[in-house]
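Given the sequences, and given the hints that come with them, work out the whole structure.
These protein sequences, in sequence, are chains A and B.
Just so we're aligned, residue 2 is where the first sequence starts under our numbering, counting upward by one.
Just so we're aligned, residue 165 is where the second sequence starts under our numbering, counting upward by one.
One or more of the hints may lead you astray.
[What the hints assert, rightly or not] Anything over 12 Å on all C-beta distances counts as not near chain A; from chain B, calculated:
#1 166
#2 216
#3 229
#4 239
#5 248
[To be verified] A few chain A residues that face chain B, going by a derived Cβ cut-off under 10 Å, partial list only:
#6 35
#7 44
#8 90
#9 94
#10 99
#11 100
#12 101
#13 105
Since the hints were made in silico from the structure, they are not lab data.
All residues carry an ideal CB built from backbone N, CA and C; glycine is no exception.
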Amino acid sequence: SQKIEQNSEALNIQEGKTATLTCNYTNYSPAYLQWYRQDPGRGPVFLLLIRENEKEKRKERLKVTFDTTLKQSLFHITASQPADSATYLCALAPYAGNMLTFGGGTRLMVKP
Amino acid sequence: KAGVTQTPRYLIKTRGQQVTLSCSPISGHRSVSWYQQTPGQGLQFLFEYFSETQRNKGNFPGRFSGRQFSNSRSEMNVSTLELGDSALYLCASSSIAGTGSGNTIYFGEGSWLTVV
Chain A
2 SQKIEQNSEA
12 LNIQEGKTAT
22 LTCNYTNYSP
32 AYLQWYRQDP
42 GRGPVFLLLI
52 RENEKEKRKE
62 RLKVTFDTTL
72 KQSLFHITAS
82 QPADSATYLC
92 ALAPYAGNML
102 TFGGGTRLMV
112 KP
Chain B
165 KAGVTQTPRY
175 LIKTRGQQVT
185 LSCSPISGHR
195 SVSWYQQTPG
205 QGLQFLFEYF
215 SETQRNKGNF
225 PGRFSGRQFS
235 NSRSEMNVST
245 LELGDSALYL
255 CASSSIAGTG
265 SGNTIYFGEG
275 SWLTVV
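What follows is the structure, given as structure tokens:
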């Protein structure tokens with residue numbers, strides 16, 4: 002069955018450093034992969050999308066890589082700020098339909 | 165433009181009762197999906213509707229159902245509520261049905277359901 006794994010433990014980093022979050026998957030050939038941010042009690046907010054034929058995508062301080070051979074995506078936040086503290090979710094999407102399969106999320110804590 | 169709107173925001177129901185949750189997608193969006201989020205299982209796909217037709221369904225019992233209206237608004241219903249149905253129910257909308265082209269999916273703030 003499909004399985005998506007993210008670091009289940011919280012990631013604590015110092016302000017200004019780069020946060021790197023990992024998303025690994027098995028038994029899935031996604032058309033694309035998305036990263037979302039979720040704050041407590043709120044719905045997920047879309048951050049970045051990367052297609053299966055793309056290796057890297059950037060948006061401001063965010064960077065995502067996608068390795069379909071390793072079945073892994075890395076999500077980087079450079080120059081991290083306390084306001085970046087949240088849970089980050091990766092989600093895989095099929096070729097047809099909007100049925101996203103989510104990982105369990107990684108909680109990021111950026112300390113000032 | 166307005167985002168995805170879900171109502172009610174919070175509700176408490178008793179075991180055995182039924183509940184209906186409502187979702188208004190972003191204007192112009194025709195695809196609406198529903199997800200259940202719990203601490204133990206995370207975010208899980210319930211079903212997706214496009215142009216009033218259910219396109220995909222997740223692995224949930226038949227007590228969970230949904231529908232979409234001609235104006236793209238959607239409702240989901242859970243009958244014979246169980247304690248384990250306590251969760252955050254999230255609605256998401258998208259402009260197209262998803263063809264692998266990478267359309268953005270926007271989530272609402274969710275409806276918090278507590279079953280006692």
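Consistency of the hints with the structure:
With a closest Cβ-Cβ approach of about 14 Å to chain A, residue 166 of chain B is found to remain outside the 12 Å limit, as its non-interface label requires. Against the 12 Å criterion, residue 216 of chain B stays outside the reach of chain A, whose nearest CB is about 15 Å from its own CB. Separation of residue 229 of chain B from chain A is adequate, the least Cβ-Cβ distance of about 17 Å exceeding the 12 Å criterion. The non-interface label for residue 239 of chain B is consistent with chain A: the shortest C-beta to C-beta separation is roughly 18 Å, beyond 12 Å.
Residue 248 of chain B, annotated as away from the interface, keeps every beta carbon of chain A farther than 12 Å; the closest lies near 18 Å. The closest approach between the C-beta of residue 35 of chain A and any C-beta of chain B is roughly 7 Å, which is under the 10 Å cut-off, so the hint is satisfied. Taking 10 Å as the C-beta contact cut-off toward chain B, the hint placing residue 44 of chain A at the interface holds, the least distance being around 4 Å. Taking 10 Å as the C-beta cut-off, the interface hint given for residue 90 of chain A holds, the closest approach to chain B being about 7 Å.
With 10 Å as the threshold, the beta carbon of residue 94 of chain A comes within range of chain B, its nearest partner Cβ sitting at about 7 Å, so the hint holds. Against a cut-off of 10 Å between C-beta atoms, the interface hint on residue 99 of chain A holds, since the closest Cβ of chain B lies about 4 Å away. With 10 Å as the threshold, the beta carbon of residue 100 of chain A comes within range of chain B, its nearest partner Cβ sitting at about 5 Å, so the hint holds. This hint holds: residue 101 of chain A has a C-beta 6 Å from the nearest C-beta of chain B, less than the 10 Å allowed.
About 5 Å separates the beta-carbon of residue 105 of chain A from the nearest beta-carbon of chain B, less than 10 Å, and the hint is met.
In summary, the structure agrees with every hint in the numbered list given earlier.
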